[in-house]
Structure formats: C-alpha cells, structure tokens
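> Spelled out, the chains give:
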Amino acid sequence: MAEPVDITAKGETPDLQAEPMLINIGPSHPATHATLRFHAKLDGETILDLVPEFGYLHRGFEKESEASTWTQVVPYTDRLNYVSPLMNNVGYAMAVEKLCGIEITERCKYVRVIVSELSRIIDHMVCIGTNMVDLGALTNFWYFWKPREEVYKLIEELCGQRLTTAYTRIGGAMADLPEGWTDRVLAVCRGVIPGCIADVNALLTKNRIFIERTMGAGPITAKDAIALGFTGPCLRAAGVPLDLRKDEPYLVYDRFDFDVPVGEAGDTCDRYMVRMEEMRQSLRIIEQAIAKLPGGPINIDDPRFILPEKALVYENIEALMNHFKFIMEGVKVPAGEVYSATEAANGELGFYIVSRGGGGPYKIKVRPPCFPLFQGIPHLVKGQMIADLIAVLGSVNIIAGELDR
Amino acid sequence: MAVRHEKDGASGYALTTLESMIAWGRKYSLYPFTFATACCGIEVMGAFGTHYDMSRFGAEVVRFSPRQADVLLVAGTINYKMAPVLKRIYDQMLEPRWVISMGACACSGGFYNNYTVLQGIDKIIPVDVYIPGCPPNPEGIIDAVVRIQKIIETGAPRAAERWPIK
Amino acid sequence: MVLDRLRARFPADVVSVHSDFGDDTALVRRERIVEILAFLRDDPELLFDFAMDLTGVDYLGEEPRFEVVYHLFSLEKKRRVRIKVRLHEGDPVIDTAVPVWPGIDWYEREAWDMYGIVFRGHPNLKRILMFEGFEGHPLRKDYPKAKRQPTIGPEE
Chain S
1 MAEPVDITAK GETPDLQAEP MLINIGPSHP ATHATLRFHA KLDGETILDL
51 VPEFGYLHRG FEKESEASTW TQVVPYTDRL NYVSPLMNNV GYAMAVEKLC
101 GIEITERCKY VRVIVSELSR IIDHMVCIGT NMVDLGALTN FWYFWKPREE
151 VYKLIEELCG QRLTTAYTRI GGAMADLPEG WTDRVLAVCR GVIPGCIADV
201 NALLTKNRIF IERTMGAGPI TAKDAIALGF TGPCLRAAGV PLDLRKDEPY
251 LVYDRFDFDV PVGEAGDTCD RYMVRMEEMR QSLRIIEQAI AKLPGGPINI
301 DDPRFILPEK ALVYENIEAL MNHFKFIMEG VKVPAGEVYS ATEAANGELG
351 FYIVSRGGGG PYKIKVRPPC FPLFQGIPHL VKGQMIADLI AVLGSVNIIA
401 GELDR
Chain Z
1 MAVRHEKDGA SGYALTTLES MIAWGRKYSL YPFTFATACC GIEVMGAFGT
51 HYDMSRFGAE VVRFSPRQAD VLLVAGTINY KMAPVLKRIY DQMLEPRWVI
101 SMGACACSGG FYNNYTVLQG IDKIIPVDVY IPGCPPNPEG IIDAVVRIQK
151 IIETGAPRAA ERWPIK
Chain F
1 MVLDRLRARF PADVVSVHSD FGDDTALVRR ERIVEILAFL RDDPELLFDF
51 AMDLTGVDYL GEEPRFEVVY HLFSLEKKRR VRIKVRLHEG DPVIDTAVPV
101 WPGIDWYERE AWDMYGIVFR GHPNLKRILM FEGFEGHPLR KDYPKAKRQP
151 TIGPEE
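Residue numbers (my numbering), protein chains in the order written: chain S, 1 to 405; chain Z, 1 to 166; chain F, 1 to 156.
One chain only, chain S, in its complex shape (with noise of 0.2 Å):
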C-alpha cells in the first residue's frame, strides 16, 4: 500500500504521475488478434516499456514433423501463415527439392510464381484490412474483403480447399491447374482487384486523418531494422531494398519486370503504402507469368518422388506396390543439410531441413518472418503513446500461425 497523501498539508505538492502504471494487452484482445499479449509499462500514455509474450498457439510443428514422412509434412505449413499458405508450400518444396538436387518443371516455376503472387495480394489484403479496422476504418475490410473471396474461389478450384491447400509436391504439384483457369486468374486480376485497391487507396491514402494517425507512428531506421533482423515490407517500408525475388532470384523471378517499392521513415503509413504497391507489383507479375505460362507436364518424370497415375495403381501390381511403399515410408531425400530462403508476404520465409537419409525429416527449422518483428516491436512503439501500439501491431503484420509454429 502507498502512503496516503495528505492535500491539505502545505509544503511540496506530492507527484501523483510519478508511478507508472502497468498494464496487460492481451492474449484474449481485439487488436492483439487472440494470440498475442504485452506487458506495458504506462507513464500516462506513454510506454515507458513493452515486454511481448507469445506461444499461445505453440502447435509443435517442428515435434511433429519429425514424427511424418516429408510429403505429409506440406499440410502442416498450410497452417504456419494460414494467410498465404500456398507460399509456405513452396518455401517447404523448394527446400526439400534442393536437398533432392530436382530440378522442377517449367511449367511448374511459372504456376508456383502465380499462385505465390496471388497468396502476396491476399495476404496484403488482410493486413491492410484489418489493420484498418483496428484503427476504425472498417469500410476497407468489406472492401478488401470482396476480391479475396474472389480469390478464394481461385485456390479452391486448384485444390479443392479454401485456406489449407497443400499444393505442392517434391517435384511438383498435387495437380496441374484446371481447364480455362488462368483465364478466371485473368478475369480477377483486371476485373475486381484493381478497383478493390483503387476504392481503399481513395479512402485511406489522402485522407487526412489516416494520415495523421499512421504517420510517425512506429518508425524505424534502416540500421536499427537491420541489427533486429526485419525483412519484408517492413524492411522495406525502412528503405532497405531487399527482396529475395530480386536479389536471389529463385523459380522465374529474373523474368519477370518488377519493381521493388521502398519507404523511407519505417513508419506506419510507410508500411501501409509499401504494402498498397506490392499488390500492383504482383498483378503484373501475374500477367506476365500467365502470358509466358509454358505447356508440359507440372510434374517432374521421377518415379522416386512422383507417385505412380492412379490408372496404373489399379491394374498394375508393380505400380501399387510403388504407391504403397510411397505412401507408407515416404520420399527417399538423401542425407544433408540445406537452407533454403524464399520471400513470403511478411519477409523472409527460411527453411533449414536436416535429413538423415530416411523417408521423414530429422529436423526442420522454420525461420519465420513474423519472429524478428514481433521482437522489434518494443523497439518500435517506445516513447509513444498506447493507442499507436494497436496501430503498429496490425501495419507489421504478425500471424501467430507462423510466429509460434
């Protein structure tokens, strides 16, 4: 108990805001997205200091991993950024098939590259959303709401499941893309999401409270995003240009004519703008991978790690044979160690697999991007006031998916 304070008494008046107040965010919390949980240390509204506490969806994606075959290993990093899934698919297949030393299929390259960019909109398209509606702005959720639905639609013709896709393959894809799908893409990429973007562009990117509410909150030096280790829009919302599309080009990138937007403050509206630029960026990507899509098979021509045609498992014992030794002991990968680094939505998605030459992985380590940024995020919002916290929370983008596995 503090000392009672007499204000009659004469003599000093007693500092009634020395003491800072304590304050917990989280984990059950709008803003915080039901994962996610602060200790705040207040001086009035001002954080004095922040201390972030995660694993409340700790799944043990790592525990069980090592437990499944490398192909039953794809669902699990569906639900890492369940935001994007199809990216994780083929962040964890890239990895697996440098370990492998297979060289996928052109026409594979080229439809990894459009689903990808389809998963960057989308998942921009959350962030952007409900980032907003955090701050109030809730026509922008409907907004955006509206083409991922749309898009939805997409992944689900693709692979039969809106959210949890599980796409990829070693060496391929679970299925080559359907009839007349690409146009559909098409049709979606000039129809509906370029007037999506221009209708919340219209609302948010002049407008002055917006403006004044994200500008200046959370910023962040290219050094100090550096030393923290932030990748992503949120490294380049700091004026860094790093993107792994660029600077290690895997699959087709080196293609296709893109830009990389940068910021310069690291702020929030710098992430918010970076974000707004991507999803163009990645429209015409889109149209170029689509206009180039070469013909072919998706698969490679390996029966080491492609699985026999069904047609041929029914009427040929060789071929069940191989379908059940497939399924039941899983792809032979060799013994090794490999990292393998591709540009997800929030930054950096890693991937460091150890085999020992079984049918499962030993170890797989995902280096997610949300891990740094959630680390930084003291770094971003001290010195400010409380209410800019939510704002920065929501503008870096954290998937509890991803950051806790």
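Bear in mind the hints are in silico, worked out from the structure with no lab data behind them.
A virtual CB, placed ideally from N, CA and C, is assigned to each residue, including glycine.
Keep in mind that the hints are not guaranteed to be accurate.
[Unchecked claim] Just so you have them, the derived chain F footprint on chain Z, three or more residues with Cβ under 8 Å:
(1) 74-84
(2) 109-118
[What the hints assert, rightly or not] Some chain F residues well away from chain Z (every beta-carbon gap over 10 Å; in silico):
(3) D43
(4) G121
(5) P138
Please arrange chains Z and F on chain S, whose structure you already have, making use of the hints.
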C-alpha cells in the same frame, strides 16, 4: 403461439408463453465472442464478411467482452498455455451461454497430437455445437449458429447442463 | 571465399568446412564464437549484417550431442553462411550473440526453451514458447512427442 384477429381496423392479439417469447427474441440477437486463435479465425472473418454475411442470421455484432456475449465461438487450436485463458473467458460469460467448437483442432486436437495441444476444448468447457473441418467453410459457421437458434427455440438442454460427460 | 577467409583468420577454431548443396558451412569451436561472429559481421569483405536464424539440433546418441546453427546473410554481398557449433550433453553452454546482433535474442531463448541450450550472458534467458512451469525441453529427441503437461483440465 396462437394469433387471433377479431375484425378489420382493430388490433389483433397473440397468445404465447413467456418462455417462447423470450426465446424468439433471443435467437435473432445472438452476440458472438470470437475466440479465434488460428486458421479458423480467417474463415470466421469470411463468415462475417460481405460474401457470407452473418447478419442475415442476426449474429453479426461481435463482442470482444465476454460479459456482453451469448455465444463463445472457439475457432482454432487451443494449447496448454492458452487453455486457462479460454476457461477464464468462459467463466466470465453470463448465463445463458452457448459454446461452438469450430474446426478439428478445437473439437479434438486435429492432426496435432503432441506435447502442447489440448485434445479438444470439451475437456475444459462444455460444447453445444461442433463444426468439423480443417478449417470449416463459412457455411459451417452459419449452420452452427442456426443450430444454436434451434436449441434456443426448442428449449433443448444446453451442454452445460449435462457436463462433464462421464 | 567466406570459408577461406574465416579459416585464415581463425585457423585453430574452425574444425571443418563444407559447401554441400551450395550452402557454405563452417563447424567451429565454441570458445571464441562471439569473436568469430563479430568478425563475420564487421570484416569489410564479408559484412554479414543479418542474423537470419539460430536453432538447436539434437543428435541423440552422438557425442557431442547438441548443435547450435547460425544462419547469416550479408545485405551488401548477397551471400549466406552457416556456422555450426557442437556442444556436449553434460555442458550445453555457449556464449550469447546478443551483443553482436540484438535481433538474435529471441532465437536464443527459443533454443533454450526447446533444447535446453544455455546462452551464457543472455539478458533474459527464460521460456518463450512454452509456459513457465513446463518441465523438460520438448524438441529434444528423448522427449516423447505426446507427453503432455496439462495446465488445466483432466490429467491424461
């Protein structure tokens, strides 16, 4: 409910029990608390979004305070770090309250059978409606809300009344 | 290139190097790990300014049992390198790299939480993914996959 209409120009009257009158009012004004932790949360957003539009069923006003909510919609994996939080939120809700368990993880742990994941939330709180799927489509959430409305309308016993299951 | 330079600078500390699958890898001794990491960051030819990842690996049955793996990235040179350190089971202790990269803080906490590797000098080495009171380190190979420690509800 019986409706009687005497003659034109005069207002008629309806006979009913107070219970069904309250139930009728209650079922179209459900206030859900979305305890959305994981992937299912994205589909919850989809259900409240423009395309599926939960407001057609009178359950679109999401309350983030358990004191103001009627339905606890648990969407996503619950692990042992989160489980006490879920229990506490359930305890803070006022009666009558209903619980929807959405998705394989909340119903049974799903395909996470390991050291950290709670194998079904019905180990710690009573559940009225389970939605299968990983994740369920937004139609599944709508179906669950309609089932809760059925429970309210018919006065069927809530899960809390027969919990814990022996 | 990177590995040659590292070897020339620390001939006694680099145990072995390889570039399998195109990933430059160096296995080093733990004694001068902070010096090695600071050299990799500051050397004008190398400039590994990003600590992209840190993880532990449990090679149960081998001795030394544990391995700490650093993944570094150089923004200017666009190059990657992997540094590995082996630690004995009875003494899984290594110096912290937080003074070199502040961003590596949580990775080290995670390695402690999951594998029980102690980072000497770490400012706040406590559990990060699991709750306080959890016994053991779940990603060790001798921790059973489904051994639960319920915080609430029935014992399993």
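> Work down the list of hints and note, for each, if the structure agrees.
Evaluated hints:
1. 74-84: The restraint on the segment 74-84 of chain Z holds, since 4 of its residues have a Cβ under 8 Å from chain F and three suffice.
2. 109-118: Satisfied; 5 residues make the cut.
3. D43: Answer for D43 (chain F): holds, closest chain Z Cβ roughly 41 Å.
4. G121: holds (27 Å)
5. P138: Violated, because the least Cβ-Cβ distance between P138 (chain F) and chain Z comes to about 5 Å, which does not exceed 10 Å.
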